[in-house]
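There are 2 protein chains.
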Amino acid sequence: MADDADFKIVGYEDVEAKEFGDEAPGVKIRWLIDAEADGAPVYALRMIEIDEGGNTPDHSHPFEHENFVVSGSGEVMIEGNWHQVKAGDVIFVPPNVRHQYRNAGSETFKFLCGVPV
Amino acid sequence: MADDADFKIVGYEDVEAKEFGDEAPGVKIRWLIDAEADGAPVYALRMIEIDEGGNTPDHSHPFEHENFVVSGSGEVMIEGNWHQVKAGDVIFVPPNVRHQYRNAGSETFKFLCGVPV
Numbered sequence: 001m002a003d004d005a006d007f008k009i010v011g012y013e014d015v016e017a018k019e020f021g022d023e024a025p026g027v028k029i030r031w032l033i034d035a036e037a038d039g040a041p042v043y044a045l046r047m048i049e050i051d052e053g054g055n056t057p058d059h060s061h062p063f064e065h066e067n068f069v070v071s072g073s074g075e076v077m078i079e080g081n082w083h084q085v086k087a088g089d090v091i092f093v094p095p096n097v098r099h100q101y102r103n104a105g106s107e108t109f110k111f112l113c114g115v116p117v
Numbered sequence: 001m002a003d004d005a006d007f008k009i010v011g012y013e014d015v016e017a018k019e020f021g022d023e024a025p026g027v028k029i030r031w032l033i034d035a036e037a038d039g040a041p042v043y044a045l046r047m048i049e050i051d052e053g054g055n056t057p058d059h060s061h062p063f064e065h066e067n068f069v070v071s072g073s074g075e076v077m078i079e080g081n082w083h084q085v086k087a088g089d090v091i092f093v094p095p096n097v098r099h100q101y102r103n104a105g106s107e108t109f110k111f112l113c114g115v116p117v
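Residue numbers (the working numbering), protein chains in the order written: chain R, 1 to 117; chain U, 1 to 117.
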């Protein structure tokens with residue numbers, strides 16, 4: 001926890017980028033604001049970074065995603081249909097909806113992804 | 001509510017920018033993902049845009065802010081102390097902490113601001 005009433009200010013690139021694992025080739029995640037480390041009471045904020053050719057798994061879960069595309073261009077699959085997205089786009093993936101993200105360009109596709117803690 | 005399992009994809013500039021009001025001169029807010037309009041179950045995502053010379057009120061409330069600076073440069077006050085922030089910075093303002101935001105440059109200072117619904 002930080003000092004001074006536990007607030008936090010950090011450049012996103014100064015937060016460690018962890019490999020997602022075999023189910024998400026070319027994908028890294030930075031936990032920007034976390035429940036355990038930062039005391040976020042309601043939701044955690046992550047930066048997802050997908051290299052050229054990479055993708056997250058095709059899956060669903062009982063919680064939502066709230067995304068904001070920071071850079072690059074990609075595609076989001078919702079219930080089997082693919083949608084193009086680019087920097088400045090906002091994506092709301094409701095709970096229990098099948099979804100997947102993939103890079104559609106040569107630049108790293110970076111987007112914020114909020115999830116309940 | 002959107003079709004197709006109520007997902008939403010929208011460019012942030014296509015969401016209406018509403019004037020914040022007299023207590024926040026030069027400030028506009030876009031409700032990117034909302035409880036009422038979009039069915040966000042846990043938290044809402046807003047874009048706050050502060051013109052040159054503008055600022056939000058000096059205040060506190062019993063819920064947190066999770067911020068990501070999208071463009072421009074600004075300053076965040078936490079419990080009376082001002083901190084410089086720029087594009088790519090992440091800010092966590094815990095519940096019940098006094099805070100205020102202001103533009104510190106000539107470009108519009110834009111940051112995402114998540115709050116519990």
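I should point out that these hints are in silico values taken from the structure, not numbers from a laboratory. Among the hints, a few may not be true.
[Unchecked claim] Calculated lysine-lysine pairs in the DSS-like style (CA-CA distance at most 25 Å, straight line): (1) R:K28 x U:K28; (2) U:K110 x R:K110; (3) U:K86 x R:K86; (4) U:K86 x U:K28.
* To do: Taking the numbered hints from earlier one at a time, note which ones the structure violates and give those numbers from smallest to largest.
  => 1
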